[in-house]
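Q: Protein chains in written order, with my numbering: chain A, 1 to 181; chain B, 182 to 633.
Calculated directly from the structure, the hints in this document are not laboratory data. From a predicted model like this one, the values you see are computed outputs, not experimental measurements. Don't take each hint at face value.
[Claimed, not checked] These stretches of chain A come out as covered by chain B in the derived footprint (C-beta under 8 Å, 3 or more residues):
hint, region
1, 107-114
2, 120-127
3, 139-145
A virtual CB, placed ideally from N, CA and C, is assigned to each residue, including glycine.
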Amino acid sequence: MQFKPILAALLVIAGASAAQAQLRLPVIFPLGRSNAQPPAPPNAAVPGALTQGALIAAAGSDTVYFSANGATVDPTATATLAAQARWLLANPFATVRLEGHGGPNDSRDYALALGDRRANAVRDFLVLQGVAPTRITVMSWGKERPGKVLIGQTLVAAGPRVVTVVVPAPMPMPMQPAPAR
Amino acid sequence: MGGAFQIDRQRRLILFRIAKLPSAAGLLAALLLSAPAPAQEPEPAAKVIAIPPLATEKITDTDAGTTWGLANQIANLITADLKLSNKFIFADTQKVRIPSYPEVTAPAYPQWRSVSAKLLLTGFVNARSDGRLTIGCYLYDVQSGRELARQGFAVSTSEWRRAAHKCADMAYVKATGNAPMFDSRIAYVAESGNPDTLVKRLAVMDFDGANHTWLTSGDAIVLTPKWSPDGNSIAYTSFSEGIPQVRVAEVGSSADRPLLPGNSESFAPAFSPDGNTIVLSMSNGGNVDIFAVGSSGGFPRRLTTSPAIDTGPSYSPDGKSIAFISDRSGTPQVYVMDSDGSNQRRVSFGPGDYGSPVWSPNGDRIAFMRTEGTVSRIGVMAVNGAGERIITTGPNDAEPAWSPDGSQVLFQRIDPTSRRTMLAIVPAAGGDVKPVPTPQSGSDPNWAERQE
Numbered sequence: 001m002q003f004k005p006i007l008a009a010l011l012v013i014a015g016a017s018a019a020q021a022q023l024r025l026p027v028i029f030p031l032g033r034s035n036a037q038p039p040a041p042p043n044a045a046v047p048g049a050l051t052q053g054a055l056i057a058a059a060g061s062d063t064v065y066f067s068a069n070g071a072t073v074d075p076t077a078t079a080t081l082a083a084q085a086r087w088l089l090a091n092p093f094a095t096v097r098l099e100g101h102g103g104p105n106d107s108r109d110y111a112l113a114l115g116d117r118r119a120n121a122v123r124d125f126l127v128l129q130g131v132a133p134t135r136i137t138v139m140s141w142g143k144e145r146p147g148k149v150l151i152g153q154t155l156v157a158a159g160p161r162v163v164t165v166v167v168p169a170p171m172p173m174p175m176q177p178a179p180a181r
Numbered sequence: 182m183g184g185a186f187q188i189d190r191q192r193r194l195i196l197f198r199i200a201k202l203p204s205a206a207g208l209l210a211a212l213l214l215s216a217p218a219p220a221q222e223p224e225p226a227a228k229v230i231a232i233p234p235l236a237t238e239k240i241t242d243t244d245a246g247t248t249w250g251l252a253n254q255i256a257n258l259i260t261a262d263l264k265l266s267n268k269f270i271f272a273d274t275q276k277v278r279i280p281s282y283p284e285v286t287a288p289a290y291p292q293w294r295s296v297s298a299k300l301l302l303t304g305f306v307n308a309r310s311d312g313r314l315t316i317g318c319y320l321y322d323v324q325s326g327r328e329l330a331r332q333g334f335a336v337s338t339s340e341w342r343r344a345a346h347k348c349a350d351m352a353y354v355k356a357t358g359n360a361p362m363f364d365s366r367i368a369y370v371a372e373s374g375n376p377d378t379l380v381k382r383l384a385v386m387d388f389d390g391a392n393h394t395w396l397t398s399g400d401a402i403v404l405t406p407k408w409s410p411d412g413n414s415i416a417y418t419s420f421s422e423g424i425p426q427v428r429v430a431e432v433g434s435s436a437d438r439p440l441l442p443g444n445s446e447s448f449a450p451a452f453s454p455d456g457n458t459i460v461l462s463m464s465n466g467g468n469v470d471i472f473a474v475g476s477s478g479g480f481p482r483r484l485t486t487s488p489a490i491d492t493g494p495s496y497s498p499d500g501k502s503i504a505f506i507s508d509r510s511g512t513p514q515v516y517v518m519d520s521d522g523s524n525q526r527r528v529s530f531g532p533g534d535y536g537s538p539v540w541s542p543n544g545d546r547i548a549f550m551r552t553e554g555t556v557s558r559i560g561v562m563a564v565n566g567a568g569e570r571i572i573t574t575g576p577n578d579a580e581p582a583w584s585p586d587g588s589q590v591l592f593q594r595i596d597p598t599s600r601r602t603m604l605a606i607v608p609a610a611g612g613d614v615k616p617v618p619t620p621q622s623g624s625d626p627n628w629a630e631r632q633e
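So that you can see chain A by itself, here it is in the shape it has in the complex (with noise of 0.2 Å):
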């Protein structure tokens, strides 16, 4: 608290006009910025592509699960991160983003955290493989991206999870001749 006890007829006289002349409308302002782009929509698996589509087509998933509070790549997993690599093996100039993501249950910063051990596990997995790390980034979604899977007849929350994202590469440029001295 900031009162501080002043004579009050000083103040009072000094205070109106200070707060005339501070009196400021109000602005609008956008803050933040826009995000990133969303992740790429899962096109029809075209032979060759560096597609959604043709991850999923290609290693079955582009989608792995863990166990609440674990960032341990079980068997089913093992199998699909597998054919993940193999496929980014055999694309060379394919790039991903491996979206981490915290249960519904965890605390807003733990959720953030996990997701991104998550990932990371995923992207250890996936350089073991011959990955070259380059090609990879990491992020986490924490618990604000919950997801649905459909199991059966059911739509229940997807949960901890890392979904590999086929990143666009940028186009290849062409060699710049050297600049001319």
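Following the hints, position chain B against chain A.
A: Leaving out everything else, chain B in the frame of chain A:
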């Protein structure tokens, strides 16, 4: 409220102590005024307080209605504030004469004794020639006939509510010995849209929901706003660059900046009590640790090094310690360390997963969320982990925040019927949960006393 994210860039309140009263004041009053409020033991029993309509010297039209209308509204707002504290019983002021203007400083004590009031809160509202208002409040001990406190404010007509909150704070502090809590603001995340593509915007409002403004546009997900100690800025986590990163928004202007350069993930920010440091989590190849950074940027100093997740840091009010979450034991638990990272020790040992520890304003307790299975609830414990007590019933209660005086805990929950995420408040010792209304769904609350 629409989409206008406007903010009153400067809502300065000119506050002054009343030195000249509308009529003569007692010597004792002057004595009490000059001395700081002595540390009092909170009364275990609620006190009966009478809050009649304020008086006005002359009924005058203002931009906010007549001074007489304001006098009634201010008394109502003070009453509403004090009701929230559960520390008062309200005398029936219908049964007695409304105080005249001179009676503001010379109360008719017998009539207040007749309605069993122990305390009397009166005051006045006057229009000033410059278009502003002068609002004065007086607290009296009815039994002894003594003045306990008084405060005066010169405010713009649009800010009379702040003066009323200040009056409520004056009575609350005097009667309970607690810190003030009513002239305060809540920062939170306003949510709209469907669950998988929620639009999340940083929002700020007075603790009672008035003066609601949005600080971000909704283009990017934002999380966990935390007030700076001076109330001028908010540290938060934003996905504006595609990954979670800590940013700092100035509340009174459009300024908004990333705290750290580069493209690494950072989240879970919290200010140090002196405002010079922000602690946060950063990831290094899957190892999330806690770092300390100057609040205007700089090189992050590493505080934890365990290969486990360390996140959710919260400073003690003396700045010497930090509570945080670590899963080095296998499950997320509350730990405490010195603010340089030394002396790390586990303090929580209950069942389930702990999250989002927050140190209380008076330094003696830590509030947290605890999840067992799919049920999350809010709890409070001593800083050494003793006396843990779960104070809400769940099933989706999360992200606790202390009231500025440490008497209440604000948190988010999912309303079981509407499935909306909403803010709610519960006494820190447990008790009735009350909803805190927001225009849209709300999450990640943080509550702080205004400082200007």
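Q: Do three or more residues from the region 120-127 of chain A put their C-beta atoms closer than 8 Å to C-beta atoms of chain B?
A: holds (count 4)
Q: Closer than 8 Å Cβ to Cβ for three or more residues is the test here. Does the region 107-114 of chain A pass it with chain B?
A: With 7 residues in contact (Cβ-Cβ under 8 Å with chain B), the coverage given for the region 107-114 of chain A holds.
Q: Just to make sure I understand the rule, a stretch counts as covered if three or more of its residues have a C-beta closer than 8 Å to a C-beta of the chain. Does the region 139-145 of chain A meet that for chain B?
A: n = 5 at 8 Å, threshold three: holds.
Of the numbered hints stated above, none is contradicted by the structure.
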